[in-house]
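Put together the whole structure using the sequences plus the hints.
Residue numbers (our numbering), protein chains in the order written: chain A, 778 to 1084; chain B, 87 to 358; chain C, 664 to 974.
Simulated from the structure, these hints should not be mistaken for lab results. Some hints could be false.
[Unchecked claim] Chain A is faced by these chain B residues, among others (derived, beta-carbon under 10 Å):
(1) Ala184
(2) Leu192
(3) Ala268
[Claimed, not checked] Which chain B residues stay away from chain C? Per the calculated CB distances, all over 12 Å, these:
(4) Leu181
(5) Arg303
(6) Arg324
[To be verified] Pair by pair, the computed Cβ-Cβ distance ranges are:
(7) A:Pro843 to B:Leu181: 47 to 55 Å
(8) B:Glu249 to C:Ala934: 52 to 60 Å
(9) C:Ala811 to B:Phe116: 57 to 65 Å
(10) C:Glu856 to A:Ser830: 57 to 65 Å
Values in this document were obtained by computation on a predicted structure and should not be read as measured data. For every residue, glycine included, the Cβ atom is placed at its ideal position computed from N, Cα and C.
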Amino acid sequence: MAAMIDNGLLVQMLIGALLGVSVYLPLAAGQLSLASPAFYAVGGTLAALLSTSWPVLGAGADGTFPLASFLLELLLGGLLAGALALLVGRLVLRLQGIYLAIATIALVEIVRVAILNLPFTGGAIGIFGIPQPFPTAAGYLLPALALLALAGWVCQRLEGMPLGRAMAAIRNDELAARCMGIDTTGVKLTAFVLSAVLAGSTGALAAHFLNTWNARQGSFDTSVTMLAFVILGGSRSWLGPVVGGLLLTALPELLRPVGDARLVLFGLVILLGPVLFPKGLITPSLLERLGAPLRPASWRRRGGVAP
Amino acid sequence: MSPPAARGDRSGSSAVNAPLLEVRELTCRFGGLVALNRVSFAVEPGEIFGLIGPNGAGKTTLFNLISGLTPPTSGAVIWRGTPITTLPPFRRNRLGLARTFQNLRLFEGLTVHDNLLAALRRQPGESLLGGLRASASHRRAERQRLQRASALLEELGLEALAERAAGTLSYGDRRRLEIARALATQPSLLLLDEPAAGMNPAEKDTLCELIAQLRGRHGLTVMVIEHHVPLLMRLCDRLAVLDFGERIALGSPEQVRHDPRVIEAYLGGAPP
Amino acid sequence: MIETLLQTLLNGAASGGVYALVALGYTLVFSVLGVINFALGALFSLGGYLTYLLMGGRISANGALPGWGLPLELPFPLALLLAAALTGLASLVVEKLAFVPLRRRNAEPLLYLITSLGAGLVVVNLLQMLMGAEGYAFPASALAGLPAAVVVAGARIRSVQVLLLAVCAAAVLALTLWLERSRGGRALRAVAEDATTARLLGINSDAMLRLAFLLSGALAGLGGGLIGVSISLPGPYVGIGYGLKGLAVLVLGGLGSVPGAIAGGLLLGLAEAMVPSGASGWRDALAFAILFAVLLVRPSGLLGRRLVEKV
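Here you go:
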């Protein structure tokens, strides 16, 4: 089994984990947003376009690409996605519950069709021959891990910060949170934008890794799978979607020997998962047993006295 | 039934003498139903002001209007002389207005401690980036928050329950937690919506004392909605009585007790 | 010109009818259970393929059993109805596997989203395994006996579009009448209104829920068969697209509103038909752009009830 997990699959698993965290952030503030694939697509499209059409970034004739330009694209992909999220977020986040979820599904579809039809984004075929900053798949492991570590660090820090607590409060009771002085619109928007930035950077990384990019990269299917990462992995901590993303991305590949039935099995996992693991795999009690470092900072210190 | 003598000539004057909160001709209509009809009164700083009336009289609706959860059909809510009728709830809280809820709205999934911390907001000097990199100002603010939370837990007798999930607490403890959480937002005016509901007489007495103590210790003004009228008679400096959305009485407990309209509004005509 | 306008309107109404069918499918389950059955799109595909097979269609070279077909060759109307019924039964299986286990433990609504999506994935991929991934055109015998086109008020309309419109209208009418007039329909509406009271009145709300799933699957299956015969089945994922658009219509019309689903479906079909052919690639985004715009102005849809939170 281990031999089947090559570097390429590892990178894909890390991308899955990153997308999982991206869906987790709005959910941690009580918002079921399925918009991340749209931002993923935006970031990926930007990277694909810039690297293939901007010679100043230094794409070589042999298909190589300077590391610095790659990192710049990660940043730009995140920023563009964040800007889009800022634009749309204030409007979309006024919606509640299932309406929000459906509005974000609508956003994903709009972005997908736009990328499919805009003259400069490659149409149905997409953009080919995206240059590589690394000679092998293994090269992408480090940037992917670094991005995941950054995302995890932000999530972990949030728990000990007013912003993170505000998100948890909103998740529990938004109305009460408002009455306790929390600017719920601002907090939800921040979570939404952070989620978009992460998805956008991930998209930029994925575009280079996959070498080609098209409108199918960010679609409703992706929404479904990402949501499954969070629900099956556990939605109470950022570790849940990481585990969910890693496992569920590996699963269809690991099932390849089974042939065509693998997607059926994948569907079965998603069908049965919530029944067998209603709180996901990374449950709060599991977190407790794993040890103190993973608990929110406030738990450890009360009244300023160290444990 | 005459309103307190000096109310009329305080509107718009300097903050020093202005009532803390004033509601002026507040009307709230839901479709065809008139929940509140031109209700007016003022709450003076430092007093404990009671709001009583039969079921459906519009008391909670009034709280919702004051705290900003429901917009009035007409009328104004005035805070220290400035209208706040269009301010959203979170801004009103930042001005110093906090509340509890009739049906309890705790952050059920969070611990008691975290419920308080959530209400202890970001300080003006703190930024998102500062928090992420644990800057000195963030750490200082955190220490202050933790101290305040600790103090409130102690004051409200909740220390032993600090790490319990709010949803697992007994009813009385949940009520106290809600008060503690509201206090965490450092209010000048605390709105308590039926804080004694479901309590036995001994608990009600303790609550009464607690509210009086909190008023003194925190320099609070308190508005209380209660069904249990004797409690309010003991506790409050002044009372307003609502019936069918209208204010039918306003004054000291003694005055209100003997008001014929009040006697009539309550079942059986017996004095409250 | 009047003819092209009429053509456009009728085509739009025909596809709008199909959207309405899907939206009604969602509405039935939503009004009783309060959750969205995300497997409906997959059932749409299933209905299409079942209709094909029941008409004697053969599995293509890419499928699991190339050249295989049912030992049946039913005329289209019969195949369509039977396929719809079978899809209704499949819907019951989905209910049993994806919804019942969660209801037993009072799960939160989000989990139903996942399990029904999982069920949909299973169905679509089973179809893919069996039938292969490429397109299927219905046997020519499907519409034997019908002229290729009819002329209505001077405009040439493909008769299959008229058929589509007629069948959708009939289905919608039948459903609405059943809901209004029959005992079963009224019982269903009672459960949708207030399950507890309905139960106290002796209505078996579990049975009503299953009925809702049955009808909902049948409607989706009907839509799939209709699209199969009028256009073709481009692949097992065809239903996903209709499922998403049906979702848009559901929300546009107001969650849980039957007239809203019908009106919304028609409106969407007409709006899409109005998109000039030069921009046809954008047609798919229209549903979602409209939905987006409507939700921003009226967060509970055009005819939906505003959810007021009790404080």
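Outcome of the hint check:
1. Taken as an interface hint, Ala184 of chain B checks out: its beta carbon lies about 7 Å from the nearest beta carbon of chain A, inside 10 Å.
2. Annotation: Leu192 of chain B was flagged as interfacial toward chain A, and the flag holds, the nearest CB pair being 7 Å apart, inside 10 Å.
3. Annotation: Ala268 of chain B was flagged as interfacial toward chain A, and the flag holds, the nearest CB pair being 8 Å apart, inside 10 Å.
4. Non-interface call for Leu181 of chain B relative to chain C: holds, since the shortest CB-CB distance, roughly 20 Å, exceeds 12 Å.
5. Once the 12 Å rule is applied to beta carbons, Arg303 of chain B is consistent with being away from chain C; the minimum gap is 28 Å.
6. Remark: the non-interface label on Arg324 of chain B is consistent with the geometry, its nearest Cβ contact in chain C lying 25 Å away (cut-off 12 Å).
7. Distance hint check: the CB atoms of Pro843 of chain A and Leu181 of chain B are about 54 Å apart, consistent with the given range 47 to 55 Å.
8. Judged by the Cβ atoms, the range 52 to 60 Å given for Glu249 of chain B and Ala934 of chain C holds: they are separated by roughly 56 Å.
9. Separation of Ala811 of chain C from Phe116 of chain B is about 58 Å and conforms to the stated range, judged on CB atoms against 57 to 65 Å.
10. At roughly 58 Å, the beta carbons of Glu856 of chain C and Ser830 of chain A sit within the given window of 57 to 65 Å.
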